[in-house]
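> Start from the sequences and build out the full structure, keeping to the hints where you can.
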Amino acid sequence: MKLYWKLVLMQLKSQMQYKASFFMTAAGQFIVSFTAFLSVLFLFSRFHEVQGFSYSEVLICYSVILTAFSLTECFVRGFDVFPRLIRGGDLDRILVRPRSEVFQVLTSHIEFSRLGRLLQALAVLAYAIPTSGVVWSAERVAAVFLMLAGGVAVFSALFMLYAGLSFFTIEGLEFMNIFTDGSREFGMYPLSVYGEGVLKFYTYCIPIALFQYYPFLYLVGRSDDVRLIFLPLLGFLFLLPCYAFFRFGLRRYKSTGS
Amino acid sequence: MIELRHIRKSFRVAKRNAGFSEAVKALFRREYETVDALRDVSFTIRDGEMVGYIGPNGAGKSSTIKVMSGVLTPDGGECVINGRVPWKDRVAHVREIGVVFGQRSQLWWDVPVIDSFELIRDIYKVDGASYRRTLSHLTELLDLGEIVKTPARQLSLGQRMRCEIAASLLHNPKILFLDEPTIGLDAVSKLAVRDFIRALNRENGTTVILTTHDMQDVEALTERILLIGRGQILLDGSLDELKARSSPRRTLTVAYEGGTLPPLPGVTIAEDKPGRAVLTLDAAVCPVSEAIARISSKVNVKDFSAAGESVDELVASLYREFSI
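Taken in order, these protein sequences are the chains called A and B.
Per this note's numbering, residue 1 is the first one in the first sequence, and the count goes up by one each step.
Per this note's numbering, residue 1001 is the first one in the second sequence, and the count goes up by one each step.
Hints are computed from structural coordinates only; laboratory data are not their basis.
Hints may contain errors.
[To be verified] Reference listing, derived: stretches of chain B covered by chain A, where coverage requires no fewer than 3 residues with Cβ under 8 Å from a Cβ of chain A:
hint : segment
1    : 1065–1073
2    : 1085–1092
3    : 1097–1108
4    : 1114–1124
This one's a predicted model, so the numbers in the text were calculated from it and none came from an experiment.
Don't be surprised by glycine CBs; every beta carbon is placed ideally from N, CA and C.
Below, the structure is given as structure tokens:
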């Protein structure tokens, strides 16, 4: 763990070498996700509610998924840019060092400029929490944290799956963005608004709903079943097949010339 | 102890011809070609040996190094290094090896080299005392004094390579793999790197496996040579054995005055300008000493030089011999 912080610090030092670039990227990230926020805002200025969910309730959904996603993008970036590690030969270097591959991939890229997006997500969360009309209790506070943790787990698993795929093909990986960026965009609203099919897909195939929709129902008082807040933990199970697939790809790693 | 037996590895590469229409076609139907990078590679290297691993581009040198360092999992065959299978017991294995990929850096690009060294110390869990000892030793031998305070991206190639080599030795590995360590270096840096590798092998008994295209590296460093071509070991022996296989042709350059050169058996005159001639002779028919004696009896020899085949030519002729 100590080594982790040292490596994180090293990343920070390196990125701070290019200050202008760092702050501009961070600001850019802030603005980009701000437009998503505006779209929610405009929608609600006309419709006031979606499937009975109020504006600030949706904002909770939106900020939870955005926080989870930006945390993942910041700290699990190594898997997100994995094709670069393969092409640049950095993976070779990782493999000749006596630490686990996952640890080294995680510490190879930490994208601090994504903190811009995180900042915005947290600001929206800070706004939504008092205005949502949720009656806060220990269970509900726990629900928010579990949602965030589950979200980071599921997005990390998706990044890992993406990394595993890049052992087999470098091209055509863009379709994976449907699942990562797509999930983030879909997840801005409670998943039931898209209909039964989408909800099922995001429950059983890519378990976004486990940390976004079901505990959210308890959070806003649509369900009294307190067990729902533990569903995000099931999201951690999604890491297993994705990690297994990553290992499978690693065994078939080809490396690049000389 | 390094033992490789019948190691095989093949890659599937997408293939298409040049041109836009071919590129579009490749979008829908792609043709693959299987390239056997390693067909059947077997050899044994004892502790403390220094081995030059040579072969033309694409012969499988880097692939072999990557199999031995646990980066690649071969399709078949056995590889046991110090009692471990590299790809099965990767973490324990790599703790005992050092790898320098000549064309890739292991240093963090934007920070002073010494910061990278300290991180590497932590990654390998080297204890403080032995780290300081190794570092001061390396600093002295590789003359790193001031340059470790510079960010890696500002170093010259020669300085960087010295730092790379130091970085891969901080954990005192038993085996050092050097993949083209002198590529692109100037003469001074090359000599410094060679001297260091020789000293390392002599003093610490480190096993060194070196791939290179620079035949002077081979001549200066290695007693044993492995020649690989088309994924197979073609030759395994000492440089002298290699030389013995080469043709007994010598090139003789003579500067002389007065008279004309006598015709000699086994000698052809490649070039004869007034006062200076280049002869090629077959030492089996006419030894160099005899040729000189007979020439100097006819003309007044001012200067002469005799050269055997250079190692470069030797290897080129070996490549031709095995048609690789």
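> Could you work out which of the previously given hints the structure breaks and list their numbers from low to high?
none
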